[in-house]
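Use the sequences and the hints to build the structure in full.
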Amino acid sequence: MKHLGEEELVELYYGEAATETNTHLRACRECSARYAEFKQSLDAIRPVAVPQRGADYRERVWETLRPQLIPYQKKTAAWRRWAQWRVTVLAASCAMLLAAAFLGGRYWERTATKKASVPGNSQATQRVVLVVLTDHLDRTERLLVQLEHTDSTERGENAQLQSEARELLASNRLYRVTASNAGDPALAGALDRLEGVLAEVANDPNLTGADLERVRKEMNTKGILFEIRVLLARSPDQGSGPKSANGASI
Amino acid sequence: MQESDHSVVQTVLAGNKEAYGALVRAHSTTVFRVAFRITGNEADAEEIVQEAFLRGYQRLESFQQRSAFGTWIYRIAVNCALNRISQPGIEAEYRHGEESDPAEKTVQVAAQDADPERALLSGEISAAQKMAMQRLTATEKSAFVLRHLEDRSMSEIAEVLDIAPNAAKQAVFRAVQKLRRELAPLRGNA
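In order, the protein sequence lines correspond to chains G and Z. For the first sequence, position 125 matches number 125 in our numbering, and the numbering has no gaps at all. Here our numbering = 1-based position in the second sequence + 1000.
Because the hints were derived from the structure by calculation, they are not lab data. One thing to keep in mind: the hints can contain errors.
Said to hold, decoys possible - Only pairs whose alpha carbons sit at most 27 angstroms apart, straight line, appear in this in silico DSS-like list of lysine-lysine:
#1 Z/K1178 x G/K2
#2 G/K222 x Z/K1017
#3 Z/K1178 x Z/K1130
#4 G/K39 x Z/K1178
#5 G/K2 x G/K39
#6 Z/K1130 x G/K39
What follows is the structure, encoded as structure tokens:
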């Protein structure tokens, strides 16, 4: 008869032993005696008394913490609602973008020659593209902020980051190519650098905190974040910027 | 509580940072308890409470609504405590503290000789236990604290420490082995 090993005694002690182990323990005197001694030794390891906290402790923790917290912007809540619908909205937006690009291409010449006569259509297309691209840049801004501040070793958090990066990567390619074809080097350049970061995060099979740190350092994510913010901040009258003129430029 | 915690999280994310106070008040003592049990140091535990809630706030957007906020912040706190005791300087400090007073152990054994049952409950025995705990690696110590003192299951420990369930089990096993070995002289005299 094979006697119980120490690992099995540990399992027994914490109530995680297999049925056979319990059966053996009942049948074997030697193991039973060993377990009694083992149990006594572990029972003796008792929790050190946790120092009592005063009645005001919880309040004190909060008061110390409070000044260090920066309120989340209201935009965050909107973004979260948007995130819940993002797959549907993104698909619809991409379809609209493709339709707009198709129509824009088809009627390009006519629009160019009769630009003055059909300003309404052109502006409508610009508005559609503007909304879609601004949303894309908003999401990438969020992701880069998250990337900047995470030092996580948590698999779940990294997986979420990767999933978001994968989604953005597909749409980013489309926008980059379009921006490049439309002759908007500022936007195309920024999207190109962004694509590198997204690809790096999205395609790492085992993304760790160290990998994120490397991406941050090697790919200058802070610089890219700054570029994205500049693009987002461009006003409508600044010509080629995305917020305004991403529509015009693409 | 879980339902209301989730709605508080939503309120915080909507821009009301004051609402986070409710979460801090609700969970700070639990966080302090686990931090103290892992570090064995009151000042460190207090700092870990602050650090855990600050990190929790900064990462609130990544909080998965399907889990409880209490579990989530507990996990962050354990990680903070683990990082704290893994720092080489701190570990060396603990070890230096142990080795600088070798007579202490003798005193404990002597106390056990005189009256084992009382000695078992004495502060000196607790100190021996504390020193034995400090000889464990950071992962072993955290895993043992979670299993033995916090009564967490192996799968919970694996999740909290972000390791495989088998690795969690092995960490607890190694900790038990080392502690029994360290405390064997006291048992011998009992």
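Sort out whether Z/K1178 lies within 27 angstroms of G/K39, counting only the CA atoms. Within the cut-off at roughly 15 angstroms; holds.
Just to be careful, I want the Cα atoms of G/K2 and G/K39 compared with a cutoff of 27 angstroms; is the pair within it? Holds. G/K2 to G/K39 sits at ~20 angstroms (cutoff 27 angstroms).
Mind checking the alpha carbons of G/K222 and Z/K1017 for me, to see if they're no more than 27 angstroms apart? Holds, at about 26 angstroms.
Are the Cα positions of Z/K1178 and G/K2 separated by 27 angstroms at most? holds (24 angstroms)
Quick one, are Z/K1130 and G/K39 close enough, alpha carbons at most 27 angstroms? Measuring from Cα to Cα gives roughly 19 angstroms; hence the hint holds.
Does the alpha-carbon distance linking Z/K1178 and Z/K1130 stay inside the 27 angstroms limit? Holds: Z/K1178 and Z/K1130 sit about 13 angstroms apart, inside 27 angstroms.
In summary, the structure agrees with every hint in the numbered list given earlier.
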